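Number of protein chains: 4
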Amino acid sequence: MVNVIILGQGFVGSIFASGLEKIKAGEIEPYGVPLRDELQIKIKDINIVGSYDVDVNKVGKSVYDVAKHYDNNVPESLKDIEVKKGVHLNSLKNLPIKAEGLEDKMSLEDAINHLIDEWKEAKAEVFINVCTTEAFKTFNSREELEKAIKENNKERLTATQFYAYAISRYAKEVGGACFINAIPTLIANDPTYVELAKESKMVIFGDDGATGATPLTADLLAHLFQRNRYVLSIAQFNIGGNTDFLALTDVDRNKSKESTKSSIVEDILGYNAPHFIKPTGYLEPLGDKKFISLHIEYISFNGARDELIVNGRINDSPALAGLLVDLSRLGKIALDRKEYGTVYEVNAFYMKNPGPKEAKNIPRIIAYEKMRMWAGLKSIWL
Amino acid sequence: MVNVIILGQGFVGSIFASGLEKIKAGEIEPYGVPLRDELQIKIKDINIVGSYDVDVNKVGKSVYDVAKHYDNNVPESLKDIEVKKGVHLNSLKNLPIKAEGLEDKMSLEDAINHLIDEWKEAKAEVFINVCTTEAFKTFNSREELEKAIKENNKERLTATQFYAYAISRYAKEVGGACFINAIPTLIANDPTYVELAKESKMVIFGDDGATGATPLTADLLAHLFQRNRYVLSIAQFNIGGNTDFLALTDVDRNKSKESTKSSIVEDILGYNAPHFIKPTGYLEPLGDKKFISLHIEYISFNGARDELIVNGRINDSPALAGLLVDLSRLGKIALDRKEYGTVYEVNAFYMKNPGPKEAKNIPRIIAYEKMRMWAGLKSIWL
Amino acid sequence: MVNVIILGQGFVGSIFASGLEKIKAGEIEPYGVPLRDELQIKIKDINIVGSYDVDVNKVGKSVYDVAKHYDNNVPESLKDIEVKKGVHLNSLKNLPIKAEGLEDKMSLEDAINHLIDEWKEAKAEVFINVCTTEAFKTFNSREELEKAIKENNKERLTATQFYAYAISRYAKEVGGACFINAIPTLIANDPTYVELAKESKMVIFGDDGATGATPLTADLLAHLFQRNRYVLSIAQFNIGGNTDFLALTDVDRNKSKESTKSSIVEDILGYNAPHFIKPTGYLEPLGDKKFISLHIEYISFNGARDELIVNGRINDSPALAGLLVDLSRLGKIALDRKEYGTVYEVNAFYMKNPGPKEAKNIPRIIAYEKMRMWAGLKSIWL
Amino acid sequence: MVNVIILGQGFVGSIFASGLEKIKAGEIEPYGVPLRDELQIKIKDINIVGSYDVDVNKVGKSVYDVAKHYDNNVPESLKDIEVKKGVHLNSLKNLPIKAEGLEDKMSLEDAINHLIDEWKEAKAEVFINVCTTEAFKTFNSREELEKAIKENNKERLTATQFYAYAISRYAKEVGGACFINAIPTLIANDPTYVELAKESKMVIFGDDGATGATPLTADLLAHLFQRNRYVLSIAQFNIGGNTDFLALTDVDRNKSKESTKSSIVEDILGYNAPHFIKPTGYLEPLGDKKFISLHIEYISFNGARDELIVNGRINDSPALAGLLVDLSRLGKIALDRKEYGTVYEVNAFYMKNPGPKEAKNIPRIIAYEKMRMWAGLKSIWL
Ligand SMILES: NC(=O)c1ccc[n+]([C@@H]2O[C@H](COP(=O)([O-])OP(=O)(O)OC[C@H]3O[C@@H](n4cnc5c(N)ncnc54)[C@H](O)[C@@H]3O)[C@@H](O)[C@H]2O)c1
Ligand SMILES: NC(=O)c1ccc[n+]([C@@H]2O[C@H](COP(=O)([O-])OP(=O)(O)OC[C@H]3O[C@@H](n4cnc5c(N)ncnc54)[C@H](O)[C@@H]3O)[C@@H](O)[C@H]2O)c1
Ligand SMILES: NC(=O)c1ccc[n+]([C@@H]2O[C@H](COP(=O)([O-])OP(=O)(O)OC[C@H]3O[C@@H](n4cnc5c(N)ncnc54)[C@H](O)[C@@H]3O)[C@@H](O)[C@H]2O)c1
Ligand SMILES: NC(=O)c1ccc[n+]([C@@H]2O[C@H](COP(=O)([O-])OP(=O)(O)OC[C@H]3O[C@@H](n4cnc5c(N)ncnc54)[C@H](O)[C@@H]3O)[C@@H](O)[C@H]2O)c1
Ligand SMILES: [Mg+2]
Ligand SMILES: [Mg+2]
Ligand SMILES: [Mg+2]
Ligand SMILES: [Mg+2]
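Heads up: the protein sequence lines correspond to chains V, S, A and W, in order.
Add 174 to a position in the first sequence, counting from 1, and you land on the number used in the numbering used here.
Add 174 to a position in the second sequence, counting from 1, and you land on the number used in the numbering used here.
Add 174 to a position in the third sequence, counting from 1, and you land on the number used in the numbering used here.
Add 174 to a position in the fourth sequence, counting from 1, and you land on the number used in the numbering used here.
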């Protein structure tokens with residue numbers, strides 16, 4: 175059994191909940207779940223035991239009622255889970271959404287205790303962070319982080335930074351918890367948090383779920399690298415119509431995303447080929463099915479110049495939701511093994527910016543095999 | 175040192191010769207050569223010591239004069255190598271090219287001895303087969319093959335089958351030779367030839383050089399497999415304007431190519447996703463820079479349907495020519511190690527249809543690493 | 175009012191019937207209908223009064239029951255129209271469909287009389303031919319055509335040729351009828367038929383409905399022509415999974431399609447730029463939503479070389495079905511005006527191979543304006 | 175004869191000069207020149223009689239020396255034309271280019287007189303404005319404009335606004351001159367300038383040369399409009415590596431470009447379909463050959479959803495340079511006919527934002543025909 179809490183009951187959180195329940199009910203195949211049902215912990219062992227949001231239109235509703243807006247076939251089993259109020263900390267600032275957070279009525283320190291109580295009651299083990307993309311500043315030390323909490327400094331902390339800290343406190347009390355950071359805010363790549371995790375019996379997976387054009391580009395670049403084709407330029411566009419793309423029209427949030435996306439180029443090729451890789455725009459009618467366009471030009475043997483163009487229509491939220499089905503179970507495995515801190519083998523496959531900080535991107539095709547072996551499964555092709 | 179003979183002084187053979195000499199002269203970088211100059215046998219150690227063709231406009235000319243038609247900057251060093259007459263055996267049938275072969279004036283058995291003499295004189299070690307794509311029938315036994323030679327049965331044998339046999343005889347006499355079969359005719363995948371090779375101190379690499387859309391598709395399919403995305407359909411088109419595409423307008427030659435191209439689908443995905451993967455057409459102005467178009471539709475998590483489209487303009491001949499720079503050296507390494515027969519580790523990366531017969535395609539990104547290790551190099555990411 | 179008969183109750187015929195009824199019921203907008211509801215004859219004036227097929231699984235059923243296989247929301251109003259038995263004449267030969275035709279039990283001459291009786295009863299005015307693509311031979315004279323009928327020569331005639339002849343007889347008797355030939359068989363481009371039409375008070379529109387990549391290519395080529403860009407090559411692929419693509423895997427049927435598709439190049443550019451334009455393949459899971467890929471390379475000012483690539487996913491049958499909503503009404507208008515023979519202004523916009531024989535393709539964007547003016551509407555931009 | 179002055183000796187100006195001289199010398203075909211050599215004024219009648227720039231590395235050099243950086247085959251005939259110093263007015267602000275202008279050493283009023291003297295000497299007739307894209311503010315009245323000049327207000331005026339005014343003064347003195355505004359600054363769309371032109375015997379063509387993805391999108395949208403396909407969304411990306419793309423990374427310059435590009439959507443479709451159409455990025459290795467990507471989704475008949483994707487590699491500067499060969503001659507024709515003010519028929523084909531202000535975009539395919547007729551040529555298809 176794995177007891178899971180969703181932080182951010184948006185598109186990804188809702189598709190995760192809805193798809194998971196359908197797989198458990200045998201209604202659909204576990205497509206999009208990299209490890210299928212191969213792990214010892216089965217998909218049917220995953221229990222969603224809680225959900226948090228700050229959108230006033232979601233807080234207090236059931237996950238079923240929220241998920242209906244994203245999926246027109248939501249299992250009834252989600253009617254029993256209530257979306258509770260989280261901390262806001264400016265997550266939705268400038269977005270056309272009305273928000274409220276625990277911090278409106280209590281101090282951050284009190285909010286931590288309030289949440290820990292709820293999580294104990296829910297017997298939470300794994301926390302999935304799929305809140306809105308944030309503009310953030312990392313902390314240079316644990317002191318700095320704890321000071322911000324203590325002083326109730328709501329401008330200094332993002333929600334993700336807050337949740338990760340609160341969960342470390344919870345982990346310490348109950349003897350273990352896992353935080354899956356599927357968004358760009360640096361947590362698994364922030365040494366302060368990784369240290370904190372080690373001391374608190376906490377496992378961190380992160381940062382930023384590896385979906386869409388980025389892991390594909392990683393594998394394409396590996397393909398070119400292995401043929402010693404010299405990459406002249408890489409242009410990658412992304413445009414979509416879900417709230418996350420809307421949030422990314424904000425310059426600062428966008429920068430969070432850009433840096434995790436761009437890191438693959440030098441990591442894989444060994445040189446920083448000129449590139450333009452950014453979330454590019456919001457176009458409402460595209461909805462969750464984004465349009466991607468990728469152009470790569472390179473030099474082949476005898477000076478020949480080749481070009482590749484990749485276009486795609488890709489459902490954004492299911493791509494991440496499918497990974498979360500694995501990550502929830504891998505989080506429990508890591509806890510069982512007491513591998514506190516962060517786990518590169520997991521991050522290298524599932525995350526755009528795999529922690530820890532000094533770790534690099536490797537081709538996903540290889541990362542998959544190594545991750546399988548970490549998880550106790552046979553590799554397929556190694 | 176590796177002494178190399180080119181069989182088929184066409185586009186690939188000429189770009190190989192021209193590019194190789196430019197790299198040796200330090201004029202260009204070894205882009206397109208997967209192993210760079212990492213092997214103990216250096217690129218500058220490769221000597222082209224002979225060339226064979228059957229086009230009457232090529233036989234008797236220098237490689238320099240022939241290569242000029244394919245590259246407008248051919249090194250003078252190729253002036254010393256003469257294109258000699260090979261056996262024809264219908265290779266150019268139905269194509270608008272006038273051909274003549276040794277078999278016009280002598281028996282096949284005599285042609286073998288004639289060639290062996292020339293090869294001894296040249297101290298040939300590695301033979302690269304880049305003749306025109308053939309329509310062929312495999313042999314079921316060594317007896318059947320030898321009978322065809324003995325009876326001078328010019329309709330039964332293709333040029334590739336003949337050359338491979340002649341080289342086995344040469345290998346036996348001189349104590350080793352390598353046959354690199356870069357074309358679709360089954361040799362490394364034909365147990366008769368692999369057995370023959372083992373007994374004759376011959377190394378075979380094959381079949382059909384892995385360039386263009388096929389290895390890319392292999393890696394894309396591996397990418398999808400690893401995320402458990404269920405592939406609904408794959409359509410792949412190829413169109414080019416070089417003589418090889420012209421040859422493929424012939425239905426039987428085309429079938430040779432189709433079967434090597436299609437094998438990747440089931441090998442990688444584990445199920446035979448519906449696909450249309452064929453060399454599709456000839457369009458003269460495209461020249462050697464083919465246009466490829468690939469469409470893949472698949473199911474992701476929660477039943478979502480995604481689509482990928484890959485388009486490319488890819489220089490066909492340099493892609494294979496760059497691989498031949500490695501294969502020549504790997505052939506010598508295999509000979510030094512006496513690994514007679516065929517070498518799956520090499521084939522799995524460099525060949526569309528990696529021999530031996532029972533062997534399967536694996537993702538190229540993984541095959542590369544294993545091939546490096548076979549070659550005595552460190553893997554990059556394993 | 176326009177009374178319409180559908181010949182061939184397949185994908186196009188069914189989407190036409192289903193979509194038309196939905197528009198009439200106000201359930202959907204007339205998207206895909208070029209003239210919207212601008213004509214004096216309104217969309218709601220179109221009555222489907224009959225349907226013919228030869229597939230044993232369709233004959234005897236209602237159009238509703240047949241259309242259900244192509245559309246999951248078919249209006250009940252189609253329950254009243256029965257699919258009657260037509261003539262077969264090898265239309266479905268080699269396809270995995272069991273067929274039967276009137277000619278199994280009667281002579282062709284008797285079949286004509288039988289059909290005329292049914293059509294009189296139905297008060298048919300406009301006939302839409304959307305049977306399976308045929309391999310055909312044109313007739314050189316009316317005598318040759320009538321001889322084939324008289325001698326009951328079932329191998330000489332295709333179904334389309336038969337229907338067009340039978341309708342000419344019907345037109346003569348009742349004082350007017352229109353035959354819309356939406357398939358590649360040459361009818362509007364066959365002077366024998368056009369002459370016959372003029373004498374029989376018959377209007378012919380044809381040949382081959384202009385949908386998909388072909389009219390788009392026509393407009394793209396016009397765009398390039400107008401900038402005096404010199405087109406070096408054009409490659410166009412089409413792949414789909416409906417029965418029509420399956421039928422086109424037959425070499426002879428495919429040729430019918432290829433020739434209508436290719437004619438645009440020289441017609442628009444004024445020179446026969448090298449091109450590869452063919453229906454390329456059948457891939458079942460694509461269904462009716464075909465994948466198209468188009469590559470054009472050209473020379474711009476100062477010798478610069480540019481490239482365009484167009485990809486698309488296009489629903490094949492709705493594209494033609496929408497045109498048929500106009501063509502039915504335009505057919506009636508032509509009858510009212512007694513413009514017997516064929517009408518180039520209509521064909522130039524709606525048909526891939528606009529009749530009469532000597533007529534050429536023009537850019538669709540201009541053809542549209544001229545067609546509007548023919549139909550008594552204001553041009554938009556002229 | 176037409177005597178032409180180039181304002182802005184950059185990529186476009188240089189390719190225009192170089193390509194024109196090559197056509198005049200019979201070295202290349204006039205590809206990329208829409209009207210070929212059909213006009214009464216022949217291509218060989220165009221004389222470049224002057225050139226202006228403000229880049230310190232260009233001023234004082236010959237057009238030949240400048241053009242060498244953009245074209246590796248520049249005709250010697252360009253050695254005789256010197257690049258003279260223009261006015262700067264912040265054109266290159268924030269760009270990594272050192273600039274100087276006449277205004278550094280004299281008042282704007284003096285600069286006008288200085289230039290008029292030079293132009294008289296050169297017998298200039300047509301002025302082509304291809305300076306760097308500007309951030310600008312239109313003038314609300316002639317008074318406001320003349321006040322800015324008189325008060326030497328260098329922050330209020332852009333170079334284009336200044337040149338256009340100076341040329342109006344020149345036109346008035348010499349009895350006619352044409353200003354071709356190939357850049358986004360509103361001149362032909364600014365009533366103040368159009369009025370001024372009418373009073374000064376000046377012809378204005380503008381604004382912003384119609385090249386690249388925008389006119390193509392206009393024709394594609396017309397294609398969809400004519401089939402009544404309902405456009406759901408349009409995404410268009412452009413990325414290139416020339417100085418103009420670099421200039422467009424500046425937010426304000428970018429806005430100038432965005433507004434001219436976006437206007438086509440509502441003009442052609444009749445409704446403002448949601449769209450994202452912007453110059454998107456700078457990627458140096460792409461050079462002048464930009465990469466474009468266009469995605470359109472629409473509803474077809476019976477509610478079907480289709481998608482089109484267009485990708486291209488397009489040489490940016492030759493595309494505009496070819497148009498300038500026509501515009502120079504059409505400018506002279508307009509002067510000969512005394513059609514002062516602006517000429518919609520010309521603008522509608524050649525300009526992204528065709529003046530006058532109230533005029534709209536029409537499909538280019540139709541605009542071409544009307545423009546031909548204005549120019550005294552036969553239409554091709556009307
Ligand atoms: N494929 C993908 O979709 C993908 C891939 C990688 C990362 N991500 C990341 O996943 C996150 C979620 O994406 P989405 O598409 O579901 O976005 P979304 O906007 O649909 O959902 C975000 C949800 O989080 C809630 N939220 C915001 N701040 C909160 C807070 N402080 N506490 C609790 N809830 C809060 C919002 O109200 C909303 O319901 C984004 O940060 C995105 O960057 C998504
Ligand atoms: N990327 C690639 O180009 C690629 C990839 C995989 C395989 N291949 C294979 O490589 C081969 C060569 O391709 P190419 O583009 O150079 O073709 P090509 O037509 O340019 O060259 C083939 C040459 O072989 C010669 N030849 C034909 N029969 C011969 C014989 N019996 N003996 C000696 N010479 C003979 C021809 O005269 C010609 O010079 C083809 O079989 C092709 O399938 C090419
Ligand atoms: N966009 C398009 O789909 C498009 C465009 C241009 C032309 N067309 C043409 O339209 C035709 C129909 O396409 P479809 O997709 O509907 O194909 P389909 O195979 O779904 O339908 C054809 C129908 O005709 C019936 N039929 C065959 N022979 C017949 C006969 N002799 N008498 C009566 N019925 C007969 C078949 O049984 C079938 O029901 C094809 O010829 C195709 O070339 C289609
Ligand atoms: N296809 C196209 O390239 C295209 C299409 C439409 C419009 N345009 C417009 O054409 C213009 C030129 O494009 P480009 O690619 O040649 O750019 P570029 O940067 O290569 O050239 C601009 C030149 O103008 C010069 N210049 C700048 N300010 C000046 C001034 N005040 N006086 C005189 N010279 C000045 C610069 O020094 C430079 O030499 C741009 O405004 C662009 O928006 C180009
Ligand atoms: Mg890291
Ligand atoms: Mg094999
Ligand atoms: Mg015709
Ligand atoms: Mg305007």
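Any given hint could be a false lead.
No more than 27 Å apart at the CA atoms, straight line, and that leaves these computed lysine-lysine pairs for DSS-like [to be verified]:
#1 LYS534(S) / LYS544(V)
#2 LYS544(W) / LYS534(A)
#3 LYS253(V) / LYS311(V)
#4 LYS534(A) / LYS452(S)
#5 LYS311(S) / LYS297(S)
#6 LYS297(W) / LYS534(A)
#7 LYS429(S) / LYS429(A)
Treat the hints as calculated values from the structure; they're not laboratory data.
These numbers come from a predicted model, not from an experiment.
For each hint, the structure was consulted:
Between the alpha carbons of LYS534(S) and LYS544(V) the distance comes to roughly 21 Å, so the proposed pair stays at or under 27 Å and holds. For the given pair, LYS544(W) sits about 21 Å from LYS534(A) by alpha-carbon distance, which is consistent with the 27 Å threshold. Between LYS253(V) and LYS311(V) the CA atoms are separated by roughly 37 Å; this puts the pair beyond 27 Å, and the hint is violated. Between LYS534(A) and LYS452(S), the direct Cα distance comes to roughly 33 Å. Violation of the 27 Å bound is thereby established for this hinted pair.
Distance check on the hinted pair: LYS311(S) and LYS297(S) sit about 31 Å apart at the alpha-carbon level, beyond 27 Å; violated. In summary, the hint linking LYS297(W) to LYS534(A) is not supported, as the alpha carbons are separated by about 47 Å, beyond the 27 Å threshold. Of the pairs offered as hints, the one joining LYS429(S) and LYS429(A) holds, with about 21 Å between alpha carbons and a cut-off of 27 Å not exceeded.
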